[in-house]
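Undergrad: Read top to bottom, the protein sequences are chains Z and R. All residue numbers for the first sequence refer to UniProt numbering, where the first residue is 1 and numbers rise by one. All residue numbers for the second sequence refer to UniProt numbering, where the first residue is 1 and numbers rise by one.
Errors might be hidden in some of the hints.
It does not matter which identical chain is used: a pair holds within one copy or between any two.
Unchecked claim - Mimicking DSS-like on lysine-lysine, the simulated pairs with C-alpha atoms at most 27 Å apart in a straight line are:
hint : residue 1 : residue 2
1    : 2         : 111
2    : 82        : 101
3    : 33        : 111
4    : 50        : 21
5    : 111       : 21
6    : 101       : 160
7    : 21        : 81
8    : 33        : 160
9    : 160       : 81
10   : 50        : 101
11   : 50        : 33
12   : 50        : 111
13   : 81        : 111
14   : 2         : 160
15   : 82        : 21
Just so you know, these hints were derived from the structure itself, not from any lab. Nothing here was measured: the structure is a model prediction, and the numbers come from that model.
There are 2 protein chains.
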Amino acid sequence: MKLLEDRIREDGRVLGEDVLKVDNFLNHQVDPKLMAQLGEEFARLFRDEKIDKVLTVESSGIAPAVFTALDLDVPMVFARKKQSLTLSAENYTADVFSFTKQETNHIIVDKRFINEGERVLLIDDFLANGQAVQGMMEIVDAAGAELVGVGIVIEKTFQKGRQLLDEAGLHVESLARISAFNDGQVEFAD
Amino acid sequence: MKLLEDRIREDGRVLGEDVLKVDNFLNHQVDPKLMAQLGEEFARLFRDEKIDKVLTVESSGIAPAVFTALDLDVPMVFARKKQSLTLSAENYTADVFSFTKQETNHIIVDKRFINEGERVLLIDDFLANGQAVQGMMEIVDAAGAELVGVGIVIEKTFQKGRQLLDEAGLHVESLARISAFNDGQVEFAD
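Excised from the complex, chain Z in its bound form (with noise of 0.2 Å):
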């Protein structure tokens, strides 16, 4: 998406060898406009899907995903990060692992909010190892609901997350595709 590779391009900042801030349009400041263009695109990206549900984490997850079910026209959930978990029988919970953080948070769904058969949309703001993607993935198939997309902000095609998406054989759409960061430039997959 050429108007979100630009943003990046102009507001991004490239941090030591692979970290991209985005915090002042995407997960911090938000611009609204972008973001309701992003929901946009990924609605339109995945309206074959005949989408149920849209799912994302908190907190970054949230602006893109509530605007793609808006244009869906279904609800959008975001689990819940916890630090430490209380299990309860109310809840479908998946344990999350940070590489960039070096710990591992839980995320938290009720029971109520996903339902056996349901065709679910992910939506992230970013993908690097995809472990968040993958704890959804469980949470998912823990409801008997059906993951049918995963739709990625920014995703940096060189770490590991997008492969164990494909291996899965999922319907990946990300809106940004970065390959590299070369001398504090981000350069863009084709």
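Given chain Z's structure and the hints, the job is docking chain R onto it.
TA: For chain R alone, coordinates are given in the frame of chain Z:
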């Protein structure tokens, strides 16, 4: 806002004396069409305040805040909540005491995202004791910005938050004002 009151009557669940769960359309599962309507209403109510930025706290404030910001054509910033706090010269921080959880959390905003002189509108999902709003007010003050409005999705008029904000002379708009829970039924203030 009648639409919201009707939805609370229909889908809200009253637990115990003073807890209202709206996790099936506001703060876990989210109805995107309703969020768009809340945002439109907030934008209408605060349009004359010439807002430069919408501020909220993760995670439940994000959906209504992003639609408000879209309609006002300004950026939205969501403060991060942390249990532990590493002080940094790059951030504004404030302590927020949770009466429900009986614990203090911290909210954090990068200094780049609130600027001196900006006219800030706070949006939050609930107003009860007003602790989260007070924390955000401290951050707006520290930045030398001006708090010109507070938009609340659901206010509990019988807790002390609204009084605090009125005493501070703020322009407060709550889209639903709950005056009491009566045998598990929600009563709205006029």
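Undergrad: So, for every hint listed, does it hold in this structure?
TA: Cross-check of the supplied hints:
no. : hint      : verdict
1   : 2 - 111   : neither (38 Å within a copy, 29 Å between copies)
2   : 82 - 101  : both (14 Å within a copy, 14 Å between copies)
3   : 33 - 111  : between (32 Å within a copy, 22 Å between copies)
4   : 50 - 21   : neither (33 Å within a copy, 30 Å between copies)
5   : 111 - 21  : between (34 Å within a copy, 15 Å between copies)
6   : 101 - 160 : within (17 Å within a copy, 38 Å between copies)
7   : 21 - 81   : both (21 Å within a copy, 19 Å between copies)
8   : 33 - 160  : neither (31 Å within a copy, 36 Å between copies)
9   : 160 - 81  : within (22 Å within a copy, 29 Å between copies)
10  : 50 - 101  : neither (36 Å within a copy, 40 Å between copies)
11  : 50 - 33   : both (25 Å within a copy, 18 Å between copies)
12  : 50 - 111  : within (21 Å within a copy, 42 Å between copies)
13  : 81 - 111  : both (15 Å within a copy, 25 Å between copies)
14  : 2 - 160   : within (24 Å within a copy, 49 Å between copies)
15  : 82 - 21   : both (23 Å within a copy, 19 Å between copies)
Consistency with the previously given hints fails for numbers 1, 4, 8, 10, ordered from lowest to highest.
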